[in-house]
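**Q** Build the full structure now, drawing on both the sequences and the hints.
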Amino acid sequence: MAKPDQRGDTGSDPVNDAGSDAGNLARSVGTVGGLTLISRLLGYVRDIFMAAFIGAGPVGDAFTFALTLPNSFRQIFAEGAFNAAFVPTYTELQTREGKAAAARFAGQVMTLLLVILLPLSGLILWQMPAVIGFLSQGYDPAGQRFALAVLFSRLMFGYLTLISLMALCTAILNANGRFAPGPGVQIGYNVILIAALVLAVPVVGYPAHVLSVGVLGAGVFQFGLTWLLASLLVGITVVPRLPRLDRRLRGMMLLMGPGVASAAGLQISSLLNRALASDIVGAQSQLYFAERLYFLPLALIGIAFGVVILPTLSRALARGDDAGAGQTIHDGLSLAGFVAIPASVALLVMPREIIATLFQYGRFDAEASTQAGWILMALSIGLLPVILQRVLYPVFFARRDTLTPMLVTLAGVGVQVALAVTLFPVIGVFGLGLSIAVAAWLQAFAAAWLTGARGFWRPDTALMARLARVCIAAAAMGAGLWLLRGLSAEIFVSGAAWQRVPILAGLVLAGLTVYILMSIVMGAVPPSAIAALRRLGRRSG
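In terms of the working numbering, the sequence shown opens at residue 1 and continues consecutively.
Hints in this document: simulated from the structure, not taken from any laboratory.
There could be a bad hint or two in this list.
[Stated by the list, open to error] Here are the computed lysine to any residue pairs in the SDA-like style, where the Cα-Cα straight-line distance is at most 25 Å:
(1) Lys99 / Leu225
(2) Lys99 / Met110
(3) Lys99 / Ala318
(4) Lys99 / Ser231
(5) Lys99 / Ala316
(6) Lys99 / Arg399
[What the hints assert, rightly or not] Restraint ranges, calculated between C-beta atoms of paired labels, are given here:
(7) Val115 / Gly452: 38 to 44 Å
(8) Gly257 / Gly452: 22 to 28 Å
(9) Phe221 / Ile516: 34 to 40 Å
(10) Val508 / Ala100: 48 to 54 Å
(11) Ile280 / Pro129: 19 to 25 Å
For every residue, glycine included, the Cβ atom is placed at its ideal position computed from N, Cα and C.
**A** And the structure:
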């Protein structure tokens, strides 16, 4: 069968046209998504304990702010920006010159990361009170929240260097088609923190202090295990090497520049939201728990696609296979829409019910659930465009163009900041979530338009028709959830936990059943998913 060309055109039978690459993409995304789901479920167990032990008061605000600080810097220097620059360069080098040359390059990059991150970490640890004062101006410098935020941030900030080195080892594994270890070690991270809460807190008390130390210990575990797996599974032992500023390393550093600027813009936006929320006691914690639920489908779908698509596109382009690259984008958008659209609808229809069931325990009360639910509702509007960005940005990264995504991202950040500052005084924390959603849609539209304008890829009518059918199936699911939710609304307001959990599970099962049945009837299931299921069936048979 003829494969779709770079523009995304399909043959007459999309199910049969889906080749092995489509099945491989679906299977790889499924592997990453499945392990990420396990990790996130454990993360929610951890958050349930956090909500019960710490709550949404001053200690909770200080801890959640401190927890986001090293993660913010990690995402600036060592995650999206780093992967976008490292993976295409590493993949080309390994393809053309072999693993030994690739290992030398990785060692030079490790040294570069250490040279940047160790002095940066030392400077921030030294000036942590000034950093907290600048980023959380709603905190009283003489108050409890400020002192605890400084303490927790200092305890956890070493996590930045450890997790950045882990990102290097994970990128090497991903470039060699080993996608499971990255999300797999995250499972260990959550197990360590749950163990700290369950075993250490009853003995020593001070749950936020225990967790702060636990985060650092979990970082040691994550880096150590990914380094070992890179050695065992790929045959590349990454050790620091004296950097040689040759063409490849200079090129990677130049590619990182726009990526760092993009990530910095996003983190500045996130930190601004938290700074605005710091004016209201408990709002930072509410924003944290709402974002946790928002990030679940984003992690399962968006991050999984980001992990899988970039090395897949890089390998296709290194072979000169433009048609294969176009097929990857086509399959990625089809799969992403099939999962992201119903997830957005579910979060939009019953945000408070989900928040109350998962987190309304102990010090996290019904009012905190209501406010966090409003934030989650607003964020859900922007879930789909963020996931689309995760599929479209690698189209540029694989071609070593990090400038275009940077410009799109920074424009979106500008819109988000302006909206947040305007809306927060009027509609409170809901305005923070809404500003993120509006900016995400503008970025997704810009990325899609530029992808077509540059001639990289354009959607065909078959893809658009399939996504329209997905929207209809998701709308039917949303209508059913809305009706069923109304029958049990009182339980989510004042009912006991043992009542909320089975009812929410029933709502999720009912919604999923409606969506799957409607998708099958309307032919909305992506061919790549069908190809993966057929392959699984042949193996099990």
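**Q** None of the hints should be skipped; say for each whether it holds.
**A** Checked hints:
With a C-alpha separation of about 20 Å, the suggested pairing of Lys99 with Leu225 holds against the 25 Å cut-off. Taking the CA atoms of Lys99 and Met110, the gap is about 16 Å. The hint holds against a cut of 25 Å. Of the supplied pair hints, the one linking Lys99 and Ala318 holds, its CA atoms being roughly 16 Å apart against a limit of 25 Å. A C-alpha spacing of about 12 Å is found between Lys99 and Ser231, which places the hinted pair at or below 25 Å, so the restraint holds.
Between Lys99 and Ala316, the direct Cα distance comes to roughly 19 Å. Compliance with the 25 Å bound is thereby established for this hinted pair. Simply put, Lys99 and Arg399 have alpha-carbon atoms about 22 Å apart, close enough for the 25 Å limit, and the pair holds. Taking 38 to 44 Å as the suggested C-beta distance range, the pair Val115 and Gly452 conforms, at roughly 40 Å. Between Gly257 and Gly452 the beta carbon distance is about 26 Å. The supplied range of 22 to 28 Å therefore holds.
Checked against the hint of 34 to 40 Å, the C-beta distance between Phe221 and Ile516 comes to roughly 37 Å, which is consistent with it. The supplied range of 48 to 54 Å is met by Val508 and Ala100, whose beta-carbon atoms lie about 50 Å from each other. The given range of 19 to 25 Å is respected by Ile280 and Pro129, whose C-beta atoms sit roughly 22 Å from each other.
Checked against the numbered hints given earlier, this structure breaks none of them.
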